[in-house]
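Whenever a hint applies, use it, and build me the whole structure from the sequences.
Listed in order, the protein sequences are those of chains S and V. Per the working numbering, the very first residue in the first sequence carries number 1; after that it's consecutive. Per the working numbering, the very first residue in the second sequence carries number 1001; after that it's consecutive.
Where hints are given, some of them may not hold.
Claimed, not checked - No more than 30 Å apart at the CA atoms, straight line, and that leaves these computed lysine-lysine pairs for DSS-like: (1) S/406 with S/282; (2) V/1033 with V/1017; (3) S/107 with S/416; (4) S/431 with V/1026; (5) S/416 with V/1017; (6) S/107 with V/1050; (7) V/1017 with S/107; (8) S/406 with V/1033; (9) S/431 with V/1033; (10) V/1050 with S/406; (11) S/400 with V/1033; (12) V/1071 with S/416; (13) S/107 with V/1071; (14) S/406 with V/1034; (15) V/1020 with V/1050; (16) S/416 with V/1026; (17) V/1026 with S/400; (18) S/416 with V/1033; (19) V/1034 with S/416; (20) S/107 with S/43; (21) S/416 with V/1020; (22) V/1020 with S/107; (23) V/1050 with S/400; (24) S/78 with S/107; (25) S/406 with V/1026; (26) V/1026 with S/107; (27) S/416 with V/1050.
Quick caveat, the hints were computed from the structure, so don't treat them as lab data.
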Amino acid sequence: MGIPGQEKLWDKEEKGHRTYNDVRIFTDDQLNNYTEEELKNFKNKHDIPMLEELEKGPWPSFVSDLKREALHRRKLGKDNLMIEQDVAEDLLGLMELSYKEGETHWKHGGIVGVLGYGGGVIGRYCDQQQKFPAIAHFHTVRVAQPGGKFYTTDYLRTFCDIAEYRGSGITNLHGSTGDMVILGTFTDQLEPIFFDLTHDLGVDLGGSGSNLRTPSDCIGPARCEFACYDTLDMCYNLTMTYQDELHRPAFPYKFKFKFDGCPNGCVASIARSDMAFIGTWKDDIRINQDAVQEYVANKIPRDGGGMSGKDWGKFDIQAEVIDLCPTKCMNWDGKKLTINNAECNRCMHCINTMPEALRIGKDTGVSILLGAKAPILEGAQMSVLTIPFAYAKNPYDNIKNGVISKIFDWWIEEGKNRERLGELIQRMGLKTLIEVLGIPAMPQMVKEPRSNPYVFFKEEEVPGGWTRDINDYRSRHPR
Amino acid sequence: MGREEDIRQAILDYGSKGAKSKFYFKDMLAGVKKVIPDAGASEVKNVASKMVAEGVMEYFSTGSSTMYGVKGRGISVEKSGDSGG
Ligand code: SF4
Ligand code: SF4
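Structure below.
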């Protein structure tokens, strides 16, 4: 695909590494084209008294941001923009109208997208097109964020230029799935935006609709010593493996993978993804007793320095670590710290508090949890711990074949339209889920004894089945 | 006709004759299975994806979920309304 002659624009072999200056659309003067004085005197083309009230509060206001954008576009001029210049002004006007009436003027959905893709673009139209022509179309383009959301400034500036030139210039970094979002463009700009994104940035559209959504991950081992596996690699690898699921929808509803390198859960996968991968370890927490002594002697600041800036008093290992361990598996005798690792539930508290003294174990992998979701059809739901431990090493075939493909097949087969995986698990029961996965019931799946009796025995699993020799029974249990 | 042709025809029949002009993948799959009982989900998906690429079928998305339709049938771009995220 692509424009003839330009197919290899992103190819490093052909073109070398390209910088912002190679692909930039606007000059520095165009980017810095108004003064604060001009902003003070700026008047939106529609009156917006209610919205302006919002600027008076203590927090930064999106209304002020939109005014800046409106002025910036007015000064860029329509010859330098591919869609109408007063998008931000019309958007403010439409919002004012909605505030006044208490009704939305957005229509939602439609047949927009780029050729062959069943996701990544969300159609939005305004129903007051005469009055607000610049936002007659206001489509959203989801752009896949890089792993761990690591950007170069060149990358961000190129992204912003594309959003300004072919869209409203308004962006959302990041949407709740994790994507970078270009807010507001017209249908005729969708293919050109896609071309620019793929050729100038080397990036793809994200997921929307009944697709695999753009997988997202924490910064992982790139910057964090707590990472129990390479979140960046696994997120990228699975994204590439499941391209078809990302772009060509055949799921009953949306599906999200998220990758947390450790139980601190910086991307909150446990609550926000249908399949959460959370780093964990099987062996013992590594203890450096000398460093423990230094924490106790206040020579190393607690919480990696996170509590400096205020006097919290002397570090009290008993009160701040030992007593707060949720499973009470730690002991401090004044000289030596010990941990009963079999009872540790890897909550991370002690490690977070004394990172130089305590480290995650060496035998690391992931726990896989299934079924979290926000409330849409049913209420919000946290995920269920399904696979307590799996190794997570490239190419991740154990997880792809042992878990993901079985879950996808089951959900496509059994899931109702618009039913999330978590709702399917609820409807069919955990017992069915573990049969689908071919795994045994495990104590880790039970939150606490007698509170979630998901698992029932089947007749063939019980010696002798449901029938018994009543005489034999009575010989031992007289009436 | 070959297998792919059969599935193609079944999709087209389902999409152009059914009561609904926009339908979920699962409903389309069920429609195809009525004619070709052993048709699998990924098989049908691959044929439907091709038909989208050729411009015979199209996707219809509300943002939160996605439907399929025969191109040009029923509501299209400018008239729609649903909610989701
Ligand atoms: S989830 Fe854990 S590994 Fe990932 S960034 Fe947060 S603390 Fe580090
Ligand atoms: S990680 Fe949590 S549960 Fe484990 S020893 Fe430390 S504080 Fe206790």
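Evaluated hints:
| no. | hint | result |
| --- | --- | --- |
| 1 | S/406 with S/282 | holds, 25 Å |
| 2 | V/1033 with V/1017 | holds, 16 Å |
| 3 | S/107 with S/416 | holds, 26 Å |
| 4 | S/431 with V/1026 | holds, 24 Å |
| 5 | S/416 with V/1017 | holds, 23 Å |
| 6 | S/107 with V/1050 | holds, 29 Å |
| 7 | V/1017 with S/107 | holds, 27 Å |
| 8 | S/406 with V/1033 | holds, 21 Å |
| 9 | S/431 with V/1033 | holds, 29 Å |
| 10 | V/1050 with S/406 | holds, 25 Å |
| 11 | S/400 with V/1033 | holds, 27 Å |
| 12 | V/1071 with S/416 | holds, 25 Å |
| 13 | S/107 with V/1071 | holds, 21 Å |
| 14 | S/406 with V/1034 | holds, 25 Å |
| 15 | V/1020 with V/1050 | holds, 21 Å |
| 16 | S/416 with V/1026 | holds, 8 Å |
| 17 | V/1026 with S/400 | holds, 23 Å |
| 18 | S/416 with V/1033 | holds, 16 Å |
| 19 | V/1034 with S/416 | holds, 18 Å |
| 20 | S/107 with S/43 | holds, 28 Å |
| 21 | S/416 with V/1020 | holds, 17 Å |
| 22 | V/1020 with S/107 | holds, 20 Å |
| 23 | V/1050 with S/400 | holds, 25 Å |
| 24 | S/78 with S/107 | holds, 26 Å |
| 25 | S/406 with V/1026 | holds, 18 Å |
| 26 | V/1026 with S/107 | holds, 26 Å |
| 27 | S/416 with V/1050 | holds, 25 Å |
Hint check: no violations occur; every hint is consistent with the structure.
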